[in-house]
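Student: These are the residues of each chain, in order.
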Amino acid sequence: MPVPDEVSAPFWEAAADGRLVLARCSRCETFVHPPEPVCPHCHHTDPRFAFEPAPTTGVVRSWTVIRQSFLPGFNVPFTLLDVALDGLDDLRLIGRLAPEGREPPEHIGEPVHVVFEVPAGGGPAVPSFVLSEP
Amino acid sequence: MTGFAARSKVAVVGCAQSPIVKHHDRPLGALAVDVAREAIADAGLTVADVDGFTTSALLPTAGDHPVVDGVSTVSANWLAANLGADPSYVTGFQGYGQLPGAVALAVNALMSGAADHVLVHRALHNPAGRYHGSAQQQARGAAQWTMPQGYFGPIAMIGLPTNEYFQRYGATREDLGAVVVEARKNGARLPWSHWHGSPLDLDEYLAAPLLADPICRFDCDRPVDGVAAFVLTTAERARDLPNRPVYVTAYAGAQPSRHRLPLHWPLDDIAEVGAATARQLWERSGLGADDVDLPQVYDGFSPFVWFWLEALGYCPVGEAHRFVSGGGIDSDVLGALPALSGGGALGSGRMHGVPQMLECYLQLAGRAGDRQREGARVGIACQASPHFGGAVMYSSEVM
Ligand SMILES: [Zn+2]
Numbered sequence: 029m030p031v032p033d034e035v036s037a038p039f040w041e042a043a044a045d046g047r048l049v050l051a052r053c054s055r056c057e058t059f060v061h062p063p064e065p066v067c068p069h070c071h072h073t074d075p076r077f078a079f080e081p082a083p084t085t086g087v088v089r090s091w092t093v094i095r096q097s098f099l100p101g102f103n104v105p106f107t108l109l110d111v112a113l114d115g116l117d118d119l120r121l122i123g124r125l126a127p128e129g130r131e132p133p134e135h136i137g138e139p140v141h142v143v144f145e146v147p148a149g150g151g152p153a154v155p156s157f158v159l160s161e162p
Numbered sequence: 005m006t007g008f009a010a011r012s013k014v015a016v017v018g019c020a021q022s023p024i025v026k027h028h029d030r031p032l033g034a035l036a037v038d039v040a041r042e043a044i045a046d047a048g049l050t051v052a053d054v055d056g057f058t059t060s061a062l063l064p065t066a067g068d069h070p071v072v073d074g075v076s077t078v079s080a081n082w083l084a085a086n087l088g089a090d091p092s093y094v095t096g097f098q099g100y101g102q103l104p105g106a107v108a109l110a111v112n113a114l115m116s117g118a119a120d121h122v123l124v125h126r127a128l129h130n131p132a133g134r135y136h137g138s139a140q141q142q143a144r145g146a147a148q149w150t151m152p153q154g155y156f157g158p159i160a161m162i163g164l165p166t167n168e169y170f171q172r173y174g175a176t177r178e179d180l181g182a183v184v185v186e187a188r189k190n191g192a193r194l195p196w197s198h199w200h201g202s203p204l205d206l207d208e209y210l211a212a213p214l215l216a217d218p219i220c221r222f223d224c225d226r227p228v229d230g231v232a233a234f235v236l237t238t239a240e241r242a243r244d245l246p247n248r249p250v251y252v253t254a255y256a257g258a259q260p261s262r263h264r265l266p267l268h269w270p271l272d273d274i275a276e277v278g279a280a281t282a283r284q285l286w287e288r289s290g291l292g293a294d295d296v297d298l299p300q301v302y303d304g305f306s307p308f309v310w311f312w313l314e315a316l317g318y319c320p321v322g323e324a325h326r327f328v329s330g331g332g333i334d335s336d337v338l339g340a341l342p343a344l345s346g347g348g349a350l351g352s353g354r355m356h357g358v359p360q361m362l363e364c365y366l367q368l369a370g371r372a373g374d375r376q377r378e379g380a381r382v383g384i385a386c387q388a389s390p391h392f393g394g395a396v397m398y399s400s401e402v403m
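Protein chains in written order, with this note's numbering: chain L, 29 to 162; chain W, 5 to 403.
None of these hints come from the bench; they were simulated from the model. A couple of the hints might just be wrong.
[Unchecked claim] Among the chain L residues that face chain W by a calculated CB cut under 8 Å, a handful are:
#: 1; residue: Val31
#: 2; residue: Pro62
#: 3; residue: Val66
#: 4; residue: Pro68
#: 5; residue: Ser90
#: 6; residue: Val93
#: 7; residue: Ile94
#: 8; residue: Leu99
#: 9; residue: Pro100
#: 10; residue: Leu108
#: 11; residue: Gly123
#: 12; residue: His135
#: 13; residue: Ile136
Glycine is no exception: its CB is placed at the ideal position from the N, C-alpha and C atoms.
My request is simple: use the sequences and hints to build the entire structure.
Tutor: Spelled out as structure tokens, the structure:
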């Protein structure tokens, strides 16, 4: 389960409320995921990231079905999606396809939206994705 | 930036390699000292002549394994001390593309005069237990963004861009299998290989269960214990040594340019930065893809073969799977591109770039025995992903 730290705590608090927030550099206003000590976009050394509401829809860029997990606490198989959030071209999230047991996508480019799930092994809610109905 | 001053100024003059096995019955460090002595003797030198040591000591593994110098890893400092050398330059490469990185450090040391003879070694250890397994329950730091979702380890990492390639370009498991079958065919012919005498056919490949779609265990090189060492010196000194020198024409290293989640390698990042890696190699060498007889592409995961073939320009982006399936890299076909003739990692074991460098050296030095490929003049030894690793070009002639 995630261990929130000084920087990431707002992300996990919002996730517990079912809200997706992402770090935004207060210097160049770029959404950055994950946040780093130096802004990877403008390279400011004091980026003062603010966690702001992020788009909750996106498209599938790739996926893989995990059939053997190398971590404890995961029921296999499950599908992981590589998702580009709408309007944030160069930012990707990786999350599970919900609900458990759902068949993987058929094509790249399928629309998805964010949901929050408590993992099988317990712990805080994490962002996952549901395939949007066309 | 001024021109690359090291072209053909440094040569590989000798080498040695241990057998590549699942587990050696001796500590890795003891094996490394023996292999280093053998390589130095092969170059016609003594330990007293060797004053430079470079390596990349990265174990590496994703699992929870302790790192102990001389046992699970062998640093350049450890090796120099335990050989009883009196070195003037000892260092390690910290990035990926470990062997090209260590060779580049050796070239720079020889060009600067910091050392006269440099031993480059690579020692790989296969820890007992699951190589990638982790009992970790808590995800701190960078891992908190991916581990809670179950995104963990290199097999999931390579699953995403490989499926992206499948979906975009219509590649199939049969196409990926063709890569593995070629590597294992060549590896089966190498007496030192973990897979000696053990080729794989496509039916066996297709019967393997998937680990992370579309990756199965045959797409992943097998973790092994093994050590290789190469001796490098200046082209001038190389003239007086017993083996035919193999010149370092150029080296290149990749610099990932986009900020990503840990272990996230989108296909476009691989292609974009891979093309830049190749450009650097062509610019520094003054040569192009058509001048290369032996591009030994990296294959720690089978799809890397496609990514490198495309990065180096042997196929348009999205075409490498058809090229390989059509016999394009068949080492037994005259006129094909023998891109895995040295068995690669899939056909030798997880030696992290050693099979590629060794094949370049043996073929270009005329020391490949009954596998000798007549007329081979230029080779490239690649390692890791084209957007994360590196490559070294070698030549049998001063270019
Ligand atoms: Zn910024």
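Student: Does each hint fit the structure? Answer for all of them.
Tutor: Verification of the supplied hints:
1. Interface hint status for L:Val31: upheld, as the beta-carbon distance to the closest one in chain W is roughly 5 Å, under 8 Å.
2. The criterion of a C-beta within 8 Å of any C-beta in chain W is met by L:Pro62, whose closest approach is roughly 5 Å, and the hint holds.
3. Hint status for L:Val66: violated, given a least beta-carbon distance of 10 Å to chain W, over 8 Å.
4. With 8 Å as the threshold, the beta carbon of L:Pro68 comes within range of chain W, its nearest partner Cβ sitting at about 4 Å, so the hint holds.
5. This hint holds: L:Ser90 has a C-beta 4 Å from the nearest C-beta of chain W, less than the 8 Å allowed.
6. At about 4 Å, the closest approach between the beta carbon of L:Val93 and any beta carbon in chain W falls short of 8 Å, and the interface hint on this residue holds.
7. The beta carbon of L:Ile94 comes within 5 Å of a beta carbon in chain W, closer than 8 Å, and the hint placing it at the interface holds.
8. With a least beta-carbon distance of about 5 Å to chain W, the hint placing L:Leu99 at the interface is held under the 8 Å criterion.
9. Interface hint at L:Pro100: satisfied, since its Cβ lies 6 Å from the closest Cβ of chain W, which is below the 8 Å cut-off.
10. The criterion of a C-beta within 8 Å of any C-beta in chain W is met by L:Leu108, whose closest approach is roughly 5 Å, and the hint holds.
11. Taken as an interface hint, L:Gly123 checks out: its beta carbon lies about 5 Å from the nearest beta carbon of chain W, inside 8 Å.
12. With a cut of 8 Å, the hint placing L:His135 at the interface with chain W holds, because the nearest CB-to-CB distance is about 7 Å.
13. Against a cut-off of 8 Å between C-beta atoms, the interface hint on L:Ile136 holds, since the closest Cβ of chain W lies about 5 Å away.
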